[in-house]
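Undergrad: The primary structure of each chain is shown beneath.
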Amino acid sequence: MEAVLFFIAAIGATVGAIGVVAARNPFYSVLALIAHLFSLAVLFLLLTSAFVAAAQVVVYAGAVMVLYVFVVAYVGSAQEPRWDPVPGQRLFAGLLAFFLFVEISAAVLSSGLRALGTHGPDVPAGFGDPAAIGTLLLEKFLVPFEATSVLLLIAAVGAIVLAARRRESINRERPLGEGVASR
Amino acid sequence: MNIDWYIVLSALLFTIGAIGILVRRSPMVILLCLELMLNAGNLALVAFSREVGNGQGQVFALVVMVIAACEVVVGLGLIVAIFRRRLPLDVDDLRELRG
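As you go down the protein sequences, you meet chains A and B in turn.
So that you can map any letter, position 150 of the first sequence is 315 in this note's numbering, and since no number is skipped, the others follow by simple counting.
So that you can map any letter, position 27 of the second sequence is 483 in this note's numbering, and since no number is skipped, the others follow by simple counting.
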């Protein structure tokens with residue numbers, strides 16, 4: 166049963182990832198990424214980490230992807246050229262990615278981690294539930310937890326600064342119908 | 457399932473994300489592919505957390521999620537700023553950092 170679920174979720178995650186890369190319309194890429202994230206949440210559940218799975222669905226597939234959908238709808242979907250501006254780019258990218266996959270897999274699987282070939286140790290019933298994660302976050306990892314909150318604040322301020330329409334930049338902007346809008 | 461299956465799957469997803477970053481030109485799709493790579497890292501972290509048998513890897517995965525959210529916010533802010541200045545949304549054309 167667990168193996169069946171693993172393979173279903175793994176195939177879903179892989180197909181979603183390929184869809185993100187292959188879809189020509191960015192909107193379809195976002196939808197494929199949402200499917201990918203749901204499949205990953207199933208994998209997290211199989212690894213007995215319920216809180217990470219829930220956070221993945223709620224925060225990632227919920228909030229972050231909504232942000233993406235809004236920006237895709239705002240910017241619109243510009244079509245990319247079918248040809249490679251750099252000749253042979255896709256071939257070289259595929260070759261490099263193949264070697265990267267082989268290298269990562271070989272490096273991890275040939276490492277001395279003995280528990281890799283096993284199911285993992287038996288864990289207590291509360292492993293990975295919100296109580297355990299919360300205890301870890303507020304006791305052992307309190308400083309990193311606060312640092313991430315400061316980081317989120319900085320990112321929010323930075324996004325407002327970047328995306329805000331400044332008064333002097335309005336005058337410099339060219340009228341509609343040029344640039345991207347005419348492509 | 458054994459843990460090594462999860463690790464190999466994580467490597468595969470990371471590789472697909474790397475292909476996307478190398479091949480695609482739209483900055484938005486490149487951000488999506490970055491998300492793929494970060495999520496592959498998350499999967500590896502959670503799998504190793506299960507392998508060791510304590511929850512610290514899951515805390516790492518949560519922190520990676522926060523980093524990804526920050527990256528998305530700043531990246532999408534940049535994309536909106538690029539779009540407002542009527543510049544082309546194509547990483548081959550966006551070669552200058554001058555505003």
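Careful, some of the hints might be misleading.
[Said to hold, decoys possible] The following label-pair restraints were derived from C-beta to C-beta distances:
id: 1; chain 1: A; residue 1: 271; chain 2: B; residue 2: 548; range: 39 to 49 Å
id: 2; chain 1: A; residue 1: 231; chain 2: B; residue 2: 548; range: 40 to 50 Å
id: 3; chain 1: A; residue 1: 303; chain 2: B; residue 2: 541; range: 40 to 50 Å
id: 4; chain 1: A; residue 1: 307; chain 2: B; residue 2: 520; range: 11 to 21 Å
id: 5; chain 1: B; residue 1: 544; chain 2: A; residue 2: 296; range: 21 to 31 Å
id: 6; chain 1: A; residue 1: 294; chain 2: B; residue 2: 547; range: 16 to 26 Å
id: 7; chain 1: B; residue 1: 550; chain 2: A; residue 2: 287; range: 46 to 56 Å
id: 8; chain 1: A; residue 1: 166; chain 2: B; residue 2: 541; range: 17 to 27 Å
id: 9; chain 1: B; residue 1: 548; chain 2: A; residue 2: 305; range: 16 to 26 Å
id: 10; chain 1: B; residue 1: 550; chain 2: A; residue 2: 316; range: 19 to 29 Å
id: 11; chain 1: B; residue 1: 541; chain 2: A; residue 2: 261; range: 13 to 23 Å
id: 12; chain 1: A; residue 1: 284; chain 2: B; residue 2: 541; range: 27 to 37 Å
id: 13; chain 1: A; residue 1: 282; chain 2: B; residue 2: 542; range: 17 to 27 Å
id: 14; chain 1: A; residue 1: 193; chain 2: B; residue 2: 512; range: 32 to 42 Å
These aren't lab readings, by the way, just hints derived from the structure by calculation.
For each residue, glycine too, the CB sits at the ideal point set by N, CA and C.
Undergrad: Each hint needs a verdict: does it hold in this structure or not?
TA: Now for the hints, and whether the structure bears them out:
no., hint, result
1, A:271 / B:548: 39 to 49 Å, "33 Å, violated"
2, A:231 / B:548: 40 to 50 Å, "29 Å, violated"
3, A:303 / B:541: 40 to 50 Å, "44 Å, holds"
4, A:307 / B:520: 11 to 21 Å, "18 Å, holds"
5, B:544 / A:296: 21 to 31 Å, "50 Å, violated"
6, A:294 / B:547: 16 to 26 Å, "42 Å, violated"
7, B:550 / A:287: 46 to 56 Å, "52 Å, holds"
8, A:166 / B:541: 17 to 27 Å, "54 Å, violated"
9, B:548 / A:305: 16 to 26 Å, "46 Å, violated"
10, B:550 / A:316: 19 to 29 Å, "26 Å, holds"
11, B:541 / A:261: 13 to 23 Å, "33 Å, violated"
12, A:284 / B:541: 27 to 37 Å, "54 Å, violated"
13, A:282 / B:542: 17 to 27 Å, "56 Å, violated"
14, A:193 / B:512: 32 to 42 Å, "37 Å, holds"
When held up to the earlier numbered hints, the structure conflicts with 1, 2, 5, 6, 8, 9, 11, 12, 13 and fits the remainder.
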